[in-house]
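Build the complex: two chains, separate frames, hints provided.
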Amino acid sequence: MRVGLGLPTTVPSVNAELILNWAREAEREKFSTLGVFDRLAYDSWDPLIALAAAASVTSRIGLATAVLNGPLYNTAALAKALASLDVVSNGRLVVGLAIGARETDYAVAGIDARGRGQRLTEQLLALRTHWEEGQPGPRPAQSGGPRLLVGGLSDAAFARLARYAHGYLHGGGPPKLFARAAEKARAAWTDAGRPDKLHLWGTAYYALGQEEVEAGSRYLKDYYAFTGPFAEKVAAGLLTSSAALREFVQGYTDAGCDELLLFPTVAHLSQVTRLAEALG
Amino acid sequence: MYSALLLKKDDPTRDITLLDRNPSDATYGWGIVFSEQTLASFEKADPASYHDITSQFVKWDAIDVHYRGQVVRSGGHVFAGISRRQFLNSLQKHCQTAGVHLRYWTEVRDLSEYPEYDLIIGADGFTSLVRRTYEHIFQPSLAVEAAKYIWLGTRNVFEAFTFLFQENEHGLFQAHCYPFDTHTSTVIVECDEGTWRRAGLDQATEADSLAYCEGLFGGMLSGFPLLSNRSAWINFTTVKNKTWHYRNTVLLGDSVHTAHFSVGSGTKMAMEDAIALTRAVRQRRDIETALADYEMERKPYVEGIQRAAQQSRSYFEHTRRYFCLEPLQFTFHLLTRSGRISYANLRLRDATFVEQADRWFADRAFQLYGDGQTPSVAPEPAHTPLRLRGLTLSNRLALSYPSLDAAVDGAPNDRHEEQLSRRTVKDAGEVALLLCEPCAISPEGRITPGTVGLYRREHVRGWAGLVAQIHKTSAAKVGGVLVHAGRRGATRPRREGLDRPLRDGGWMLLAPSPLAYTAAGQVPKEMDEADLRQVREEFVCGARRAHEAGFDLLLLHMAHGYLLASFLSPLTNRRTDHYGGSLENRMRFPLEVFAAVRQVWPDSKPLGAAIPATDWVKGGWGVQDATALAQALQGSDCDLLTILAGQTTLEAQPEYGPAFLTSYCDWIRNEVRLPVMATGGLATTDQANTLLAAGRADLALLNPIP
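Residue numbers (the numbering used here), protein chains in the order written: chain A, 731 to 1010; chain B, 103 to 808.
The following block holds chain B by itself, in its conformation from the complex (with noise of 0.2 Å):
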């Protein structure tokens, strides 16, 4: 209908009639939700339209979570709801007034049957008529998410966006909750469908899924009864389109593109499509141009939004993970669970809210990490303290260094020296933790001729001096971490490019299975019992040596596609005795060669992993995978883990940006409750304070700018 409007307005000539199969006073659903800021377009495209919707706005600024019998009130949010019923009468009587024709009760079955129209736009929803037409074009992808939801109303008008969580003897029950004009909201319940089974609902008239909701959540309706429009128990259908049109014929709105409900973005990307619509149709003399242009240029902006969309569904999917959150830092999480609202955007939102969640953050880390004293003005996450074991840090910042590849024969020199000198990160001052480049364990189990070791005596004498220069000098504490290079080894220093094999001065690859890493690249030898005994052993002496030369932390690499990490995957493990094959049996050599570990590095000192989370390979390594890895670990008291993704093989299609490997570390994190040091893009004190606040990590590994 937007579209209709603003296409006769731009141009009174044109003809344009509107097929909707119902009638004209029909509607589904109940309030349709904005965020203030996306409607600046809207009152450009159509003034007298937009003034007609808004005046009919309810607006509210809050946002509630309602979470172990306790409601956290968060401000400084921007709402707008408007039941769907008046926004379409509003939109339905500016188009008649515009001269749009407007068929009802006219369901369209074959597009053939109408040939006379130059352009024809399917905003026909998800289960598209005109998309189903040519499929084939159109190339659609509907994936059908897990969870099952119901869409009802009430007469309670809540004060806020509302999230209320209702755990039963059948599983955890989840409700958005939204006002849409003076008299009535939204409710949306969600569940899993495990739940949805175990509560009959599955066999439940609508007068009974009623009931059941009402018995979850009546306490929190003022005492209205939950209402009903035809809502039925559905799945959320995320569609995407490879082609958005053809010849005449083009997608918009719901047909082509939906976002979780989650997000609230449904109706605005339609709308925003028809404006964008409207003016690729003015500006090209070309039908089919001016729908390739729309396409264009609607398309970054939906797949942003799909994007965020995903990540919120995938929250709400597996909210119950959460559940070992306290209040405050669970609202923080649900706040910022789709990436676009950082600690320092909802400090801006509302200051008071993030200092709350800073005093409960502080008292608890000081509680159990401190003296019990949070200092009288509670400090950002990032800068309260965390104990692993016997090592306290005091604050929750780290620096990972990039290997220099300037060691001669594994031993350490003045330029790692110099590097280990740059602790501080902008705005906040020293870090507590200087996670130095990984040492091999052996000289074949270096990446390149420069890499550094904890394999000879000399060593042990060059990395105690640097320790203890850094001791004297600072606060801060420094880790270390274990390597063995595995098939990667052998490779020129890594400012020529990585694993580049070397020409000359190579030694002799170990890896689980015999597979070239790159096709240029040497066959490594397939390890046997006695090599799995020696590397074991090699690893045990390098934590000797790394204890005696001081180190406070001990990480061992299995990730990024080394030793240990290529036993993990099944892309590079094809062994067929015990330690190939099952994920158990893939686990067991890197779990062995932790355990030996733990039995000879210091009780006192805290010992941990860097894990993968994902091959970024299909049929890999994946991060179910991952969860099993960090149980198991922590069944062998690992203390710490570092969530790292890709390099396993070369098909790995990694995906970059800020924060990237977060909703990872998130995930392990709260499924394993387990202390997560998360990497990956760090660079801020924000980002740090983000996923600290919202219990996503522990420690924040950032990366100093080289």
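For reference, chain A alone in the conformation it holds in the complex (with noise of 0.2 Å):
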């Protein structure tokens, strides 16, 4: 199982040398991607912008969006939008997308949160088209776009992966729940007949040493306060020791993952290497 690195481009007090720092840290530290998440109503980076800040400064390491909320943009322009950041990082995008769980996103962008899914489902589909036929373009690096992972617990998330995307991306949770989705991602995907790989990454959280262990409990917890009681358990979830991140490796590792994001709490540039040791 390959374990990529979020950019903190959500943590409170993040500046521009500290993202650019980071990408090149996780490169050297051999993390396979970075991941960034999309949140419109929140102090947070463009994802879009930061991974292309991120490929400019690296060359080898993966990028991907963990996850885009997909029917908040112009379908022909995030086709675009993503076949450049394609072009400009050499092929080394992948792009999760999903629904978004907060209403404020849609509100703040002025877009009806209704019938979502079913345009996230078309939107897969006219994304492949766009890359596949390069209108409108450029065409992307990787032959028919970069690969797409769709995020999400409901059956028609699992319906629309099956359906036009070649992977799932889990939100996060301790690996019997990454199971119990994978196990579902799988029924979906053998029912349609699909014979290609099944794709399976997973998120989490961590924060190594005493202050940023709570720090990063404290951000998890603004970051989610918008799911009330959930917030507590993401922050519970939070990774905080070698022994910890280990074992939780494993178990994703043991249920079949094939790439774990792991996403930081804190915006130390520390934080890089001290994971990579504690992932040893």
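Treat the hints with care, as some may be off.
Quick list of in silico lysine-lysine cross-link-like pairs, BS3-like style, CA-CA up to 27 Å [stated by the list, open to error]:
#	chain 1	residue 1	chain 2	residue 2
1	A	906	B	720
2	A	963	B	401
3	A	951	B	401
4	A	963	B	344
5	B	146	A	951
6	A	906	B	195
7	B	720	B	401
8	A	963	B	720
9	B	370	A	906
10	B	342	A	963
11	B	370	B	146
12	B	370	A	963
Covered by chain B, according to a simulated footprint, are these stretches of chain A (three or more residues, beta-carbon under 8 Å) [unchecked claim]:
#	segment
13	744 to 757
14	814 to 822
15	918 to 925
Hint data in this document are derived by calculation from the structure and do not stem from the laboratory. A virtual CB, placed ideally from N, CA and C, is assigned to each residue, including glycine.
Laid out in structure tokens, this is it:
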């Protein structure tokens, strides 16, 4: 199983220098991918700008959106932006998409949240079509375009995944929850008769160091405040030691995860090397 | 009461009043049952009431099933019971000690009479006034279930959770019985409405009903009579609500969610609601936010229990269907009815019971399908033989392979050979049956340009080579599937996404009606008599070639929205001739094809069909239709059914999960009594064993992890 690292673009007090150094450091430490979140109504960076910046200071590490709130974007423009990012990064992009859980994002964007599931399904097909045809250009660096991963826990999410995507991106939780979601993804995939590989990705949060753990926990409770009681659960799941990280990684490996993205909860550059050391 | 207690103890400065329309010592019902594992959270929430209540528990670990004059007992389950009266008395005492104001004989008629309260909790049962007051906000759905039941008691103290089944000239009655103190048990008697009316119970007085039920179950009560507590025959109502709170008002317990009594979770859920509500109120300064938190926390858990309860309720509404099963299998089926307990779980609870079930299953299998000699250690059901016509399968496991979309002009090649070389399942070894990817019966019947076929001589040679290779190097048998893609044809390989029309190199599509599958898809030609005749002929030729190529078993694909499936479904078949309209008409063409194939497919080899259980679309094909189709196929000497679902139209709303097609499989197999191969989210031998031991399927079709 590969381990990727999140860019702290949604963590408070982050500046350009930090993000660029973070990307360089992550590549040096041989993390497989840099991931970004997408949240409109929050003090966070635009995910595509962040990945473009990271692309410009790296050459090997993968770049992934984990996940874009697809229905908030105009599809043709999104196809163009993602294709451009794939070109800018020399074909290192993976695109994770979901419908987005936050009503405020839709409100701020002035987009109706109703029907977003259907729109995302259509968007997946449209993105592939745009990239295959190179219309609107540019043609992505990767043939047929970057791989698409779908997030979500509803049956509809698994159905659209099996129909148009290449894999599944789980939003976080203990290995047991990931395993359950992976099982559903496989069920949908085989039911649809897909002969190609189902990519399974997971996400999790970490913080290493005494004050980082406290700050990280506070950050998660704020970031997930809109979920009510789940904020506590997410914060409780924060991985804060080498032992916890290794056990978690093993659990995900056993559940068949192909790639796990570990997201930081504090924007201290040292978190990159500390994670690499903790994972061994 | 529990929420009043917890909220008061959490902050004694709170002023809490409980309003109950009943007198303080009244109670309905008899006993309450818990499964022990669920109680740790109660101990944590309030140790004092927990210890008081649990000290009064009667506990037991067995389930008895009385069926066909036999009693089958299994152990290792954990139950605790207490009388409702004692339970409420205990809580009352603790409430009083804590300083909760308890006001009995107080009917609440209008919530606006209580403006001084910061929080109003409606724990007023499934007819909840509180819920009805803000119905337009809560948006309840109240589903009155079909069966009739009456909640009685008896002085007979059962040793185990006991299920009784008794048939008479009026119909089938069943009873759910469990002890709840040292001298009383609950007895819930249940039957369907038809039976209830035929027995005259719709006109019966309380005394009459008691006498009738005693007539049914008297023999199992050790001479004790049945007792009533203003008991009446009612229907269970499944309650759900879109929202659980409004401003300062919240619903809790049965008022907001009910789950069929057969999973014994009502009280437990209500108490857990109380715990979550107390925590939410403690953590949030603002009441409305606290109530939102509470709802968000509890909903997923409650929905999970309600799903299991629906499975269980459905089981008890249709128990008659399973009367074809022998006692050990019937019991295994009952114990695993809600989907939460598997073969492996049961084995941990009671190894002896499972061994007995294994022995019974294996003896029968080896008797019917083997050489009559069961090995001295009975194998698990998955490792017993099955015979269909002249074909003997050495175990009950099969593998199905996704279409590679790698053929050229329908010819199989090295890639197909390589795929078929993967024949083993983790922990189980080699499977007995390999089911090849569906073969098109004509070039236009292909799904994609890469679909394999059985429409040219060259194909026969190709498949014959593959099949011979498998027969030479293993004991596995090879099954073929014949398909005509219908309106899902002429599409791109599936690794590029499903149902994407070919940009060039496409071909004309055939279907019962001129309806394209996707908005951008080709509109198919509405088949005329000549087309129908030709396709029928192509299936027949395909079957002949399949036999020539050495396939041991053949299935016709009548599901997933391909040609034959699109005749079945009213969503895709708008014909006005005798191939469209009524169910009988819509089944006509697929049945004609089946009968024609049966004529040329050798008598010694099994012939089956993959049929849809449901379209997963309102107004589409459903499981009752599937049952009718299965019966008709049975009449045509069909040997095996595989149950699939969905993909008839893009509007399908599938329900995924492990073993997600199992309940359909179970229904059809036992309603029609035809061998069934289960598939859909099956990956482990434990799942296979669970299905087989319970009589839900005869074969388990697994998908290898890609």
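Going down the list of hints, with the structure as the test:
1. A:906 with B:720: violated (33 Å)
2. A:963 with B:401: holds (15 Å)
3. A:951 with B:401: Within the cut-off at roughly 21 Å; holds.
4. A:963 with B:344: holds (24 Å)
5. B:146 with A:951: Within the cut-off at roughly 24 Å; holds.
6. A:906 with B:195: violated (41 Å)
7. B:720 with B:401: holds (25 Å)
8. A:963 with B:720: violated (37 Å)
9. B:370 with A:906: Status holds; Cα separation ~24 Å.
10. B:342 with A:963: Cα-Cα ~25 Å, so holds.
11. B:370 with B:146: holds (14 Å)
12. B:370 with A:963: holds (22 Å)
13. 744 to 757: violated (count 0)
14. 814 to 822: violated (count 0)
15. 918 to 925: holds (count 8)
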